[in-house]
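Engineer: With these hints in hand, go ahead and build the complete structure from the sequences.
Listed below are the residues making up each chain.
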Amino acid sequence: MPIQLTSQAYCKMLLHAAKYPHCAVNGLLVAEKTKEKKKDRHSDPVLCVDCVPLFHGTLALAPMLEVALTLIDTWCKENNYIIVGYYQANERTKDSRPNQVAEKVAARISENFSEAAIVMVDNSRLTLSCFEPIVLIYDHHENKWKSREVTSESFEDWSEAQKITSALLEGRSYENLIDFDNHLDDLRNDWTNPMINKSVLDLC
Amino acid sequence: MASVSEMYDVGWEEMRDKLRKWREDSCRNSEQIVDVGEELISEHASKLGDDIWIIYEQVMIAALDCSRDDLALTCLQELKKQFPDSHRVKRLAGMRLEALERYDEANKHYDAILQDDPTNTAARKRKIAILKAQGKSAEAIRELNEYLEQFVGDQEAWHELSELYINEHDYGKAAFCLEELMMTNPHNHLYCEQYAEVKYTQGGLENLELSRKYFAQALRLNNRNMRALFGLYMSASHIAASPKVSAKVKKDNMKYAAWAATQINRAYKLAGRGTKENKCSMKAVEEMLESMQITMS
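Residue numbers (full-length UniProt numbering), protein chains in the order written: chain A, 1 to 204; chain B, 1 to 297.
No lab work stands behind these hints, which were simulated from the structure alone. Each residue gets a CB set at the ideal place from its N, CA and C atoms; glycine is no exception. Keep in mind that a hint or two might mislead.
Said to hold, decoys possible - Examples of chain A residues toward chain B, derived with CB under 7 Å:
id, residue
1, T58
2, A60
3, L61
4, A62
5, P63
6, V67
7, T74
8, K144
9, L184
10, L187
11, R188
Structural biologist: Below is the structure:
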């Protein structure tokens, strides 16, 4: 089952990358939990309705990642979500391949959701207008992560996603994006980003 | 578009002071620095006195970060006029070439500075930064190690090296760098806490116990460091859950974990006062702590 991104998930990922242009950033993708699918609905895409920005800077340390995964897992259960993917934007512009950290986290997610995906942001194509999707989606096949072609089909509504992301980037909304690191710096910072979610809704 | 002074109702002195604070704290909020600095330079240059030169430097670097080569060039030219033979200004010229990805030219620039002054640390560090930008991590690490053999007290360099090692997953060597930093900065809770995180990531019972001790030390130095608090909770919980520990160690660590859990809950209650949104976070934390207690016992 391939994953599909909503405008909210896509734009928050890009806002996170834009907020810390000099750092690597990462986060989790969540989808709504549905009842057991019947066998013949196998090819239905999994809709990632939201993402939770995690860290910026050093991504390769374990303790805070464990805390974040556990906390977000609990939050997911309360909201009937399930963690279905992981996104990462690397530190260097020209580097957009998933590294060991990405594979490790994705493997952990796969324990609870077998079709977990890795979404990498292609930094070199990040612009204000976002006229084309700039993510690469990797699926796990035969013990390797292989990238899949990303088209407008990978989005719930590409033109809406493009419009909203572009508007929020130009308006510098990323200055208000909160990731888990910000939350650990000050607990009052809310990593569910209700303000940004509202801005997205307003622009829909 | 409204000017900064209009939008935030500030005068030029406040803008100048803000820039100074950002300099002192080494903040990399380049977009804000460009907004404030550009306005300050273009409209209040005459009032800034000698401060203007350091502001030109600060704004130029921020401009490079924001791809504002026009602004960077303006600042650079003013600095070149005022300080024609300065190595410090030459380094800025090199940084501009780096920003334009003209790495070979930038390297030549830095080599020229080093010919003239072999002890120029800034030029050496820029050359290492170029290696990092080009993805040549192994070489960057090697050069940085050589640099530190000579300039053993350069804390910024030790910290950069620890980050390079962490990114290469060489946690043992990253720990060594952080140990150097902790020795020279025994009161810095951030180094303690980072060291603890590296030890935790290394794994194994001994490293977990060490990590717990350093998380505790970080908390002693700053009792509001949430990462240290969470880290203490996680490391103590893992030790208590390990089948290899004695009953006493298990009991002690469960006590530490329980204490940390209470502190975490209290911190969240304090933070959540008055805000409706944080209720979900707090509940999630409570449940997380409860669920971990269940799996442990």
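Engineer: Hint by hint, say whether it matches the structure.
Structural biologist: Hints and how they fare:
At a threshold of 7 Å, the smallest CB-CB gap from A/T58 to chain B is about 6 Å, leaving the interface hint in force. With a least beta-carbon distance of about 5 Å to chain B, the hint placing A/A60 at the interface is held under the 7 Å criterion. For A/L61, the suggested interface contact is upheld, since its CB lies about 4 Å from the closest CB of chain B, less than 7 Å. For A/A62, the interface hint holds, the least distance from its beta-carbon to any beta-carbon of chain B being 4 Å, beneath 7 Å.
Of the supplied interface hints, the one on A/P63 holds, with its beta-carbon coming within about 5 Å of a beta-carbon of chain B, less than 7 Å. Restraint check, A/V67 versus chain B: the minimum CB separation of about 5 Å is within 7 Å; hint holds. Checking A/T74 against chain B: minimum C-beta separation of about 4 Å stays under 7 Å; hint holds. The beta carbon of A/K144 comes no nearer than 20 Å to any beta carbon in chain B, farther than 7 Å, and the hint placing it at the interface is violated.
Satisfaction of the interface hint for A/L184 is found here, the shortest Cβ-Cβ separation to chain B being roughly 5 Å, below the 7 Å cut-off. The interface hint given for A/L187 is met, as the beta carbon of that residue sits about 4 Å from the closest beta carbon of chain B, less than 7 Å. Taking 7 Å as the C-beta cut-off, the interface hint given for A/R188 holds, the closest approach to chain B being about 5 Å.
Hint 8 alone, counting from the list given before, is not met by this structure.
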